[in-house]
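Novice: Working from the sequences, and respecting the hints, build out all of it.
Residues in the sequence shown are numbered from 1 upward in steps of one, following full-length UniProt numbering.
By construction, these hints were calculated from the structure, which means they are not laboratory data.
Warning: the hint list may mix true and false statements.
Simulated pairs of lysine-lysine, BS3-like, Cα-Cα distance not exceeding 30 Å [stated by the list, open to error]:
1. 128 - 184
2. 151 - 75
3. 192 - 243
4. 184 - 88
5. 197 - 73
6. 73 - 97
With beta-carbon atoms standing in for the labels, derived distance ranges [unchecked claim]:
7. 64 - 153: 26 to 34 Å
8. 32 - 184: 40 to 48 Å
9. 45 - 175: 29 to 37 Å
10. 64 - 141: 33 to 41 Å
11. 243 - 172: 21 to 29 Å
12. 202 - 160: 15 to 23 Å
13. 58 - 238: 47 to 55 Å
Glycine residues also receive a C-beta, built at the ideal position from the N, C-alpha and C atoms.
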Amino acid sequence: MMIKGAEDLISNLPDGILQHMLCLIPIKLAISTSLLSRRWRHVWCEIPSITLGGDTLTAASINETLARYTAPKTKSFDPLITPITKEKIPYVDRWIKFATSHNVENLSLNFSLDYKFPDFFYNSSYFKQLNIYSHTIVPFKCTVSWTSLHKLSLSCCSLSDESMARILSGCPVLENLTLYHCGKLKVLDLSKSLRLKTLAVDRNVMVPEGPTKIVAPHIHYLRLLGSRPSCTLVDVASLTEAKLDVCYA
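Specialist: Quick look at the structure:
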């Protein structure tokens with residue numbers, strides 16, 4: 001309870017500081033601050049980072065939250081909601097559209113079902129970091145243009161060699177690549193990724209999966225986990241540090 005006549009020092013802070021503070025708490029609590037006073041009514045609407053998730057958030061509540069959001073640009077966006085069912089796929093498309101239209105720099109997507117990303121997802125010059133966990137099939141016929149992307153993490157994605165090559169060709173400034181259980185990939189050719197310095201490949205230790213051949217002449221750091229099948233390092237001429245957890249019988 002505020003003492004009568006006491007000065008509200010927090011409310012007098014600039015919007016940027018208040019919005020940074022709201023990024024540190026769950027989105028529901030951030031939205032609830034709009035009830036504190038007229039000063040707080042719209043502060044949360046322009047927070048630079050949005051994390052939506054938890055079992056209590058429905059697709060409808062996420063849509064309502066995004067509809068009230070007014071910032072023209074968002075630094076990071078993480079619409080974490082489980083489970084994602086087929087009925088929710090149109091909503092997922094809408095959330096990805098929100099990310100691309102708000103020039104999101106850091107995007108995290110975590111889906112537990114087969115999902116085909118819309119074509120517009122592959123064309124954003126604002127993405128700087130992408131984290132994708134999804135049993136998705138990445139189409140190799142779609143043009144990829146992630147011209148500002150520095151860090152890419154792909155988990156449990158169905159990636160062909162052609163898909164990976166198309167992704168890499170659309171990421172000219174990529175510096176960090178992580179592949180986790182992307183088992184359909186056979187040959188990982190990074191010879192044209194001149195700025196790529198860090199590569200991490202985690203393969204399933206129980207199920208044989210690729211890649212089985214890595215060409216990476218520009219990387220400085222390599223982490224390679226998983227033992228089956230064998231993996232051949234064709235060219236790692238610039239390598240200075242490696243962490244290997246492999247055992248070939």
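Novice: Now tell me, hint by hint, if it's right for this structure.
Specialist: Outcome of the hint check:
{"no.": "1", "hint": "128 - 184", "in the structure": "26 Å, holds"}
{"no.": "2", "hint": "151 - 75", "in the structure": "15 Å, holds"}
{"no.": "3", "hint": "192 - 243", "in the structure": "23 Å, holds"}
{"no.": "4", "hint": "184 - 88", "in the structure": "27 Å, holds"}
{"no.": "5", "hint": "197 - 73", "in the structure": "29 Å, holds"}
{"no.": "6", "hint": "73 - 97", "in the structure": "13 Å, holds"}
{"no.": "7", "hint": "64 - 153: 26 to 34 Å", "in the structure": "29 Å, holds"}
{"no.": "8", "hint": "32 - 184: 40 to 48 Å", "in the structure": "45 Å, holds"}
{"no.": "9", "hint": "45 - 175: 29 to 37 Å", "in the structure": "33 Å, holds"}
{"no.": "10", "hint": "64 - 141: 33 to 41 Å", "in the structure": "36 Å, holds"}
{"no.": "11", "hint": "243 - 172: 21 to 29 Å", "in the structure": "27 Å, holds"}
{"no.": "12", "hint": "202 - 160: 15 to 23 Å", "in the structure": "19 Å, holds"}
{"no.": "13", "hint": "58 - 238: 47 to 55 Å", "in the structure": "49 Å, holds"}
The structure shown violates none of the earlier numbered hints.
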